[in-house]
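Please construct the entire structure, taking both the sequences and the accompanying hints into account.
There are 2 protein chains.
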Amino acid sequence: MLKIYFATSNEHKFKEAEEILSKQGITTSHFKFSHTEIRSDSLEEIADEAAETAYSQLGKPDAVVFVEDTGLFIEALNGFPGTYSAWVQKKIGSEGLLRLMAGEKNRSASFKTCIVAKDSEGTHSFLGECKGTITENLRGKSGFGYDPIFIPDGESATFAEKICLKNKLSHRFKSLLLFADYLASKQRI
Amino acid sequence: MLKIYFATSNEHKFKEAEEILSKQGITTSHFKFSHTEIRSDSLEEIADEAAETAYSQLGKPDAVVFVEDTGLFIEALNGFPGTYSAWVQKKIGSEGLLRLMAGEKNRSASFKTCIVAKDSEGTHSFLGECKGTITENLRGKSGFGYDPIFIPDGESATFAEKICLKNKLSHRFKSLLLFADYLASKQRI
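If you're matching them up, the sequences are chains A and B in order. Here the first sequence stands for residues 1 to 189, where the numbers follow this note's numbering. Here the second sequence stands for residues 190 to 378, where the numbers follow this note's numbering.
In case anyone wonders, no lab produced these hints; they're calculated from the structure. It should be emphasised that the depicted structure is a prediction, and the values quoted were computed from it without experimental measurement. There may be inaccurate statements among the hints.
The following label-pair restraints were derived from C-beta to C-beta distances [stated by the list, open to error]:
id, chain 1, residue 1, chain 2, residue 2, range
1, A, S120, B, S297, 50 to 60 Å
2, B, F333, A, S42, 21 to 31 Å
3, A, E95, B, C353, 33 to 43 Å
4, A, K3, B, N295, 43 to 53 Å
5, B, D230, A, E75, 25 to 35 Å
Simulated coverage check for chain A against chain B, where a stretch passes if three residues somewhere in it have a Cβ under 8 Å from a Cβ of chain B [stated by the list, open to error]:
id, region
6, 26-39
7, 72-79
8, 92-104
20 Å max Cα-Cα, derived DMTMM-like pairs, lysine to aspartate or glutamate [as the list claims (entries may be wrong)]:
id, chain 1, residue 1, chain 2, residue 2
9, B, K330, B, E205
10, B, K351, B, E318
11, A, K162, A, E129
12, B, K320, B, D342
13, A, K168, A, E16
14, B, K363, B, E318
15, A, K90, B, E293
16, B, K279, A, E104
17, B, K294, A, E95
18, B, K279, B, E200
19, B, K249, B, E293
20, B, K357, B, E205
21, A, K186, A, E121
22, A, K105, B, D230
23, A, K168, A, E19
24, A, K90, A, E37
25, A, K141, A, E121
26, B, K279, A, D41
27, A, K90, B, E264
28, B, K212, B, E200
29, B, K279, A, E75
30, A, K90, A, E104
31, A, K90, B, D230
32, A, K60, A, E19
Ideal Cβ positions, reconstructed from N, Cα and C, are used throughout, including at glycine.
So this is what it looks like as structure tokens:
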């Protein structure tokens with residue numbers, strides 16, 4: 001039986017992934033992993049380096065170890081806050097992004113999650129994306145991070161106003177499903 | 190004769206440091222060095238890792254290799270853009286910082302440079318700081334980066350309006366002088 005480890009220091013992220021993957025029949029273990037990330041404008045590059053490090057730290061060559069990195073990329077701000085989204089949220093918050101976007105007509109943005117899984121065969125990446133727009137004001141109390149200022153395309157509520165949207169549309173959900181497909185095909189072999 | 194290398198990919202930074210150090214009787218060579226920096230909120234931590242890497246890449250154990258890392262820390266923005274200043278400048282520019290600071294009464298900010306030098310005896314760090322305030326508008330054309338929005342304490346012009354201020358007051362200048370003192374004491378021994 002293939003052992004799957006999610007390497008993250010974030011308990012919340014682990015619980016979310018565990019639940020989604022268990023619905024796909026996949027049992028996930030938590031590898032409490034914390035390390036100094038590299039600086040890069042590419043989610044994949046950051047996740048790639050983290051997956052390599054986590055895999056070698058765990059020391060279980062037969063397991064699959066995966067990590068994820070997520071960012072919000074705002075078109076009118078040249079992709080800011082991008083791969084630094086969590087850090088920017090801590091410093092200036094969603095309110096700061098709204099101030100930066102004041103008077104801006106182009107509200108297009110995209111949430112992206114990149115999962116990189118490492119096993120004895122190599123590394124594999126799975127990109128989930130959710131396109132949408134940035135609101136003019138904070139809206140809603142659910143979720144976390146930039147959820148109160150992001151409306152997914154085709155909807156009229158923010159993730160924070162209607163958290164159920166997140167479970168079926170989110171970047172993280174999509175990347176986890178791609179990863180689950182990969183695991184299913186691997187286990188069939 | 191002690192050989193001093195400045196490890197940087199930035200030709201402009203090298204020229205500036207070379208000029209300041211030559212006035213202190215120190216000859217500096219350029220080690221064209223580029224690597225993937227770590228993510229950290231501490232200039233010293235970033236410079237420390239870079240100095241270690243540069244020293245081992247250069248492969249001259251008898252030399253002194255130094256690197257520098259600089260950031261603008263704005264009090265009302267919890268230290269934003271800090272160690273990510275160059276990246277934030279590329280994405281949202283000085284104009285972006287002014288939008289974030291619109292209506293903010295507390296304009297206090299600080300430019301900091303950390304030099305870390307590595308030699309066979311270990312690592313040594315030299316912190317230069319220049320306190321000041323953030324303007325309400327872009328002012329002046331000289332310099333680069335955040336120079337048009339930063340007025341050093343005790344002055345009424347921005348670095349970009351009066352570039353000579355930068356040469357005697359700047360964070361980078363101060364850290365280079367501390368480093369020069371260290372080199373002088375080392376050579377006396």
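- Task: Evaluate the given range 43 to 53 Å for the C-beta pair formed by K3 (chain A) and N295 (chain B).
- Result: holds, 52 Å
- Item | Restraint check for K212 (chain B) with E200 (chain B), where alpha carbons must lie at most 20 Å apart | Between K212 (chain B) and E200 (chain B) the Cα gap is close to 19 Å, so the pair holds against 20 Å.
- Message: Next pair to validate is K357 (chain B) with E205 (chain B); report whether the Cα-Cα distance is within 20 Å.
- Response: Answer holds: K357 (chain B) to E205 (chain B) is near 13 Å, not above 20 Å.
- Distance restraint between K363 (chain B) and E318 (chain B), which requires alpha-carbon spacing of 20 Å or less: holds, 7 Å
- Query: Within a Cα-Cα threshold of 20 Å, do K162 (chain A) and E129 (chain A) meet the stated pairing?
  - Reply: holds, 18 Å
- Message: Given the hinted pair K141 (chain A) and E121 (chain A), is their Cα-Cα distance within 20 Å?
- Response: violated, 43 Å
- Item | Given pair status - D230 (chain B), K105 (chain A), alpha carbons within 20 Å | Roughly 33 Å between the alpha carbons, so the hint for K105 (chain A) and D230 (chain B) is violated.
- Query: Are the Cα positions of K279 (chain B) and E75 (chain A) separated by 20 Å at most?
  - Reply: holds, 14 Å
- Message: For K60 (chain A) and E19 (chain A), compute the direct alpha-carbon distance and say whether it is at most 20 Å.
- Response: Judged against 20 Å, a Cα distance of about 23 Å means the pair is violated.
- Message: Need the status of pair K168 (chain A), E16 (chain A): alpha-carbon distance at most 20 Å?
- Response: Holds, at roughly 13 Å.
- Query: Is the gap between the beta carbons of E95 (chain A) and C353 (chain B) within 33 to 43 Å?
  - Reply: At 38 Å between Cβs, range holds.
- Take a quick look at whether K90 (chain A) and E104 (chain A) sit within 20 Å of each other, Cα to Cα. Roughly 23 Å separates the two Cα atoms, so the pair is violated.
Violated hints, in rising order: 19, 22, 25, 30 and 32; the structure is consistent with all others.
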